[in-house]
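Chains as they are written, first to last, in the numbering used here: chain Y, 1 to 750; chain F, 1 to 249.
Some clues are possibly wrong.
Part of the chain F face toward chain Y, derived, beta carbon under 10 Å [what the hints assert, rightly or not]:
#1 ALA31
#2 ASP71
#3 ASN115
#4 SER125
#5 GLN151
#6 TYR152
#7 PHE161
#8 VAL203
Covered stretches of chain Y (in silico footprint by chain F; criterion: 3 or more residues with CB under 8 Å from a CB of chain F, positions within the stretch not fixed) [claimed, not checked]:
#9 156–164
#10 319–332
#11 337–347
Straight line, CA to CA, 25 Å or less: simulated SDA-like cross-link-like pairs of lysine to any residue [unchecked claim]:
#12 Y:LYS319 x F:ASP178
#13 Y:LYS319 x F:LEU121
#14 Y:LYS319 x F:SER212
#15 Y:LYS690 x Y:ASP52
#16 Y:LYS241 x Y:GLY39
#17 Y:LYS329 x F:SER212
Honestly, the hints are just simulated from the structure, not real lab data. All residues carry an ideal CB built from backbone N, CA and C; glycine is no exception.
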Amino acid sequence: MKLCGKFLLGSCLLWVQAALAHGPVPTSLIGVPVPPVPGLLDGPDPIVVDRDKAIALGKALFWDINVGSDGMACASCHFSAGADSRLKNPMNPGQKSLNPGGQTFDALGSGQGGPNHTVRLADFPLHEYANPFLRSSGLLRTSDDVVSSSGTFSGRFTGASRFGTSADECARSADPVFHVNGVGTRRVEPRNTPTVINAVFNHRNFWDGRANNVFNGSSIWGDRDPNAGVWVKVNARTAVKQRLHLENSSLASQAVGPGLSDSEMSCRQRSWPDIGRKLLLRQPLQYQKVHDEDSVFAPLGLTVSTPANLRPGLNTTYKTLIAQAFNPKYWSYTRIGPFGGPAGQTPYDQMEANFALFFGLAIQLYESTLVSDQAPIDLSRRDEEMRPIDLSTSALNGFDSFVLNHCNLCHAGPTLTAAAIQGNAALVAPGTGQFYGPPHSRIAFGPDALGLYAGARAAGISPYVNVVTRDRAKTGGLRLMDFGFANTGVGDPNADPGLGGTDDFGNPLSFTSQYLQYLQNNPAGVRDGVVATVRSCQFIAPLAVNTTSTNSSTFTVPDGIVQDGGRPGEVLRDENCPSAAHAYIPTPETAAANLSGQKMAHSDQGVFKIPSLRNVELTGPYMHNGGMATLEQVVEFYARGGNFDSIHKHNGTTIATLAGFDDPEFGPAMIADLVEFMKSLTDERVRYQKGPFDHPEIVIPHGHEGDEFGVNADNPLEASLAREEYLILPAVGANGSATPIPRFDERLAP
Amino acid sequence: MNALKNCRHLMPVLLALAPAVLWIPSAQAAAAFAGSAALTFTVNRIVNLDNPGDLTALTVTGSFEQASPPDYSVTLTGDGSVSDDNPVAGPVSVGSGVFNHTFAVSGSVGNGSVNSSHLGLFGLSFENTGSDGYAIGVTLDYLLDAAILGQYAAGAVDLDFYNEGFSFIGFDHASANDQHTGSSGEFSFVLNPGEFEALYADVRITGNLEASAVPLPAGLWLLLAGLSAVAVVGRRNGSRPETHPVPNA
Numbered sequence: 001m002k003l004c005g006k007f008l009l010g011s012c013l014l015w016v017q018a019a020l021a022h023g024p025v026p027t028s029l030i031g032v033p034v035p036p037v038p039g040l041l042d043g044p045d046p047i048v049v050d051r052d053k054a055i056a057l058g059k060a061l062f063w064d065i066n067v068g069s070d071g072m073a074c075a076s077c078h079f080s081a082g083a084d085s086r087l088k089n090p091m092n093p094g095q096k097s098l099n100p101g102g103q104t105f106d107a108l109g110s111g112q113g114g115p116n117h118t119v120r121l122a123d124f125p126l127h128e129y130a131n132p133f134l135r136s137s138g139l140l141r142t143s144d145d146v147v148s149s150s151g152t153f154s155g156r157f158t159g160a161s162r163f164g165t166s167a168d169e170c171a172r173s174a175d176p177v178f179h180v181n182g183v184g185t186r187r188v189e190p191r192n193t194p195t196v197i198n199a200v201f202n203h204r205n206f207w208d209g210r211a212n213n214v215f216n217g218s219s220i221w222g223d224r225d226p227n228a229g230v231w232v233k234v235n236a237r238t239a240v241k242q243r244l245h246l247e248n249s250s251l252a253s254q255a256v257g258p259g260l261s262d263s264e265m266s267c268r269q270r271s272w273p274d275i276g277r278k279l280l281l282r283q284p285l286q287y288q289k290v291h292d293e294d295s296v297f298a299p300l301g302l303t304v305s306t307p308a309n310l311r312p313g314l315n316t317t318y319k320t321l322i323a324q325a326f327n328p329k330y331w332s333y334t335r336i337g338p339f340g341g342p343a344g345q346t347p348y349d350q351m352e353a354n355f356a357l358f359f360g361l362a363i364q365l366y367e368s369t370l371v372s373d374q375a376p377i378d379l380s381r382r383d384e385e386m387r388p389i390d391l392s393t394s395a396l397n398g399f400d401s402f403v404l405n406h407c408n409l410c411h412a413g414p415t416l417t418a419a420a421i422q423g424n425a426a427l428v429a430p431g432t433g434q435f436y437g438p439p440h441s442r443i444a445f446g447p448d449a450l451g452l453y454a455g456a457r458a459a460g461i462s463p464y465v466n467v468v469t470r471d472r473a474k475t476g477g478l479r480l481m482d483f484g485f486a487n488t489g490v491g492d493p494n495a496d497p498g499l500g501g502t503d504d505f506g507n508p509l510s511f512t513s514q515y516l517q518y519l520q521n522n523p524a525g526v527r528d529g530v531v532a533t534v535r536s537c538q539f540i541a542p543l544a545v546n547t548t549s550t551n552s553s554t555f556t557v558p559d560g561i562v563q564d565g566g567r568p569g570e571v572l573r574d575e576n577c578p579s580a581a582h583a584y585i586p587t588p589e590t591a592a593a594n595l596s597g598q599k600m601a602h603s604d605q606g607v608f609k610i611p612s613l614r615n616v617e618l619t620g621p622y623m624h625n626g627g628m629a630t631l632e633q634v635v636e637f638y639a640r641g642g643n644f645d646s647i648h649k650h651n652g653t654t655i656a657t658l659a660g661f662d663d664p665e666f667g668p669a670m671i672a673d674l675v676e677f678m679k680s681l682t683d684e685r686v687r688y689q690k691g692p693f694d695h696p697e698i699v700i701p702h703g704h705e706g707d708e709f710g711v712n713a714d715n716p717l718e719a720s721l722a723r724e725e726y727l728i729l730p731a732v733g734a735n736g737s738a739t740p741i742p743r744f745d746e747r748l749a750p
Numbered sequence: 001m002n003a004l005k006n007c008r009h010l011m012p013v014l015l016a017l018a019p020a021v022l023w024i025p026s027a028q029a030a031a032a033f034a035g036s037a038a039l040t041f042t043v044n045r046i047v048n049l050d051n052p053g054d055l056t057a058l059t060v061t062g063s064f065e066q067a068s069p070p071d072y073s074v075t076l077t078g079d080g081s082v083s084d085d086n087p088v089a090g091p092v093s094v095g096s097g098v099f100n101h102t103f104a105v106s107g108s109v110g111n112g113s114v115n116s117s118h119l120g121l122f123g124l125s126f127e128n129t130g131s132d133g134y135a136i137g138v139t140l141d142y143l144l145d146a147a148i149l150g151q152y153a154a155g156a157v158d159l160d161f162y163n164e165g166f167s168f169i170g171f172d173h174a175s176a177n178d179q180h181t182g183s184s185g186e187f188s189f190v191l192n193p194g195e196f197e198a199l200y201a202d203v204r205i206t207g208n209l210e211a212s213a214v215p216l217p218a219g220l221w222l223l224l225a226g227l228s229a230v231a232v233v234g235r236r237n238g239s240r241p242e243t244h245p246v247p248n249a
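Looking at chain Y on its own, in the form it has when it is part of the complex (with noise of 0.2 Å):
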């Protein structure tokens, strides 16, 4: 083709691209309100009275290696960048998959892999084609491995020191699964650990949103756990334990996790008393050196360093943090009471029996101020379009190229995920007289905060929190999703249902698979009480329309509807729509009686959290299963539509076929633009470790003595498993590192 012919062409493109551009462009996150948290720390009873404390102790806990049951922090696995950039020893063999496959490690692209490998560019990425730009080039190799985190030994729980060793005692014993000849090998996890920073504004977190946004005080699982609760002193001579239900608290939900995870930080059968009893007398961060200009203990004067004399630990207790940052209630029961015990030894006491509480709500308290809101796209002026004109010529050529290829319609708003729900919504209302975005550049909250043009509303964003959306999947027609979350063809959906799994009790981690529930009037089936406030106004796609006309794929008047909110104690949901016409569902008799129909679809296998790209250059390897380890890589899967499909997969995926990025003439210089425009999302506060994102010392174990062919035994904790080597991250304080945190690519040999 003459190049006349390929300008002209690419011309054309571009602009059947602008004519489809629409929705929310990327935004600063200065000024976006931290999604509330009623009863937290407001009301006449608040269950943190002192939020400063509260945070120390938070971050204490995140980054203390004393948690885990072998010397594993919340921060072994989210060190960089909130993420994890660890080469050696992070490969799970696909554990979440239903196919036989999962449990067996795959050679990779440099031809080794399993346990204990070091993971090369050559490994990446996972599924490879001849040309990555086209799927049927041909496929050079795939793998259903993930390129994880690796995390404990485990082991079966017995006790542990009170004062001294790290390690829990725990009848430890080579992995089946992780092993090199039989020597065993810390666990891996199955999914790529995501980033702590910004996670605040998620609605849900874990890449398939079983953290759930409403923390009960004792696990994940929200409302849906009926064993769940904390325990609350009446008064002196009663405690009893209640519900707790906190909103917007995912993060403290996530945090609960792995604690108790075989695979991530826990020896099995450790319950969050045990842990409690294990740190409660113990220095916070006993093993591990603070740095004397730490960003949250040196102003509330809890380190012990010297600028001369970098020392270990606070000069205080775990258990005095909790009584100075929580309400007593919650702590200060004087008698044993009904908190059960371990056999044979002291019974628990209150403070350990609502150990969770305190952990979760601390670590969410903490990782709240983890928001990176200082990067380029943040500080910039923006035109009259909402263009951030300071950026670079190639990040401005990025942003456009972004929004152009609808990347912008799932990476939404200022977080740029439209998985932060309340955060977006926050933005959108209207009449709040709110602004947000730098002095220079303020932007009014309402339906313009997000895109000009009411811009918000083309990626289902609007002003009320709105679990569920319906939007277009590239084979499967019309279909009901879980609102911030997508199939965008990473993997088979085989190899990881993501959201398309079950909690533990049996009931779908899907809000949707609830919500086809709500719409057939089975309160039962409807676990988390935000479902049963959907808004199908809302929906990106019609669910029902008020016409008498029919319709292959959206519910009408004919098949029988009726208005939304409009069963006996609700409130019609008809305000604010953007059509009054699309205000309805289907009756409980027309859903259940469509159930398998097209009106009725849904999505939720291999669906996952959207993420959000702040700081992405620094958080590889991408995707949930971290197979690709450059943006380039990730850009190059958008473009040839992704990897797999399957009626769950998003259309959103392939409408973004990046017009020319595979032209070998414009293509180079368009995949450059939009990278660089990626790496405007960075904060250098993040890059260089300034606070908040400063950090005590820490130790992290980082594979194993040898190689994954072989490997040597007599690990101190047991004979049967590997000796360890170790990554060492030096404090930091508040000014930060001279050196910047290396992206994973980078350190990645050829």
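Keeping the supplied structure of chain Y fixed, place chain F upon it in accordance with the hints.
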């Protein structure tokens, strides 16, 4: 070490520590704790609202007892030991005076562990068996003392005070090497004919110790032996339940 600044404060700890250090065949790194709560209930005033000066129908009694399991829990390993001899005190008639008592627990270990939780139940009760009403004011003053010695040692004393209907409540606590004095403030109430009222105080003393065999320098042996001898002399002033009359308010 803060504890060394106050020798009297540390005496119970040293007493507890001495056997652990001296009676073990080989030298050990030892740990010890001692917790105590000295409580004083003072009847500030009693006024017969119907027949001034007549207190014959009013019974005021003080009492103390150490709770039994599950609020008594001692788990020992190795050579760990706990001293928790706190006999029942009362009920004793207080009249319009003072009731005081000290609840104390200590423990030590040279090679093993101690985990203990003791609950002391204090009370000062008022029973009106007559036909007159009484206006009464009572105050609880307390000294909470928690002392520890050793690298792996923790001790705490928690106090919960409350009246019969939990309308007058308070909480306080002392942790490692902390002496804490305080007062409930005056609890004032009217006791009508046939009524009962009380001011209670629950005190929990916890001790947690871990120690393992580590050789000690000979000099420390001598130091600990000497301190223990001093402590024996100082211990002769044990506390017992007492009543002290005070003038009518």
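Results for each hint:
With 10 Å as the threshold, the beta carbon of ALA31 (chain F) comes within range of chain Y, its nearest partner Cβ sitting at about 9 Å, so the hint holds. For ASP71 (chain F), the shortest C-beta to C-beta distance to chain Y is roughly 5 Å, which falls under 10 Å, so the interface hint holds. Because the smallest distance between the Cβ of ASN115 (chain F) and any Cβ of chain Y comes to about 5 Å, under 10 Å, the interface hint for this residue holds. Interface restraint check for SER125 (chain F): the shortest CB-CB distance to chain Y comes to about 15 Å, outside 10 Å, so the restraint is violated.
For GLN151 (chain F), the suggested interface contact is upheld, since its CB lies about 7 Å from the closest CB of chain Y, less than 10 Å. Using the Cβ-Cβ criterion of 10 Å, the hint placing TYR152 (chain F) at the interface with chain Y is satisfied: the shortest such distance is roughly 4 Å. Against a cut-off of 10 Å between C-beta atoms, the interface hint on PHE161 (chain F) holds, since the closest Cβ of chain Y lies about 8 Å away. Evaluation of the VAL203 (chain F) hint against chain Y yields a held restraint, the C-beta minimum of about 7 Å falling below 10 Å.
Requiring three or more residues with a Cβ within less than 8 Å of a Cβ of chain F, the coverage given for the segment 156–164 of chain Y holds, as 4 such residues are present. Only residues whose C-beta sits within less than 8 Å of a C-beta in chain F count toward coverage, and the segment 319–332 of chain Y has 5 of them, enough to reach three; the restraint holds. A count of 4 residues in the segment 337–347 of chain Y with a Cβ less than 8 Å from any Cβ of chain F is obtained; the coverage claim is therefore met, three being the minimum. The hinted pair formed by LYS319 (chain Y) and ASP178 (chain F) meets the criterion: a straight-line CA distance of about 15 Å does not exceed 25 Å.
Pair hint LYS319 (chain Y) plus LEU121 (chain F) holds up; C-alpha atoms about 24 Å apart against a cutoff of 25 Å. Annotation: proposed proximity of LYS319 (chain Y) to SER212 (chain F) holds, straight-line Cα distance about 24 Å (limit 25 Å). Proposed proximity of LYS690 (chain Y) and ASP52 (chain Y) is supported: the alpha carbons are some 18 Å apart, at most 25 Å. Only pairs whose Cα atoms come within 25 Å are accepted, and LYS241 (chain Y) paired with GLY39 (chain Y) is accepted, the gap being roughly 18 Å.
For the proposed pair LYS329 (chain Y) and SER212 (chain F), the alpha carbon gap of about 36 Å is over 25 Å, so the pair is violated.
In terms of the numbered hints stated before, the structure departs from hints 4, 17, listed from lowest to highest.
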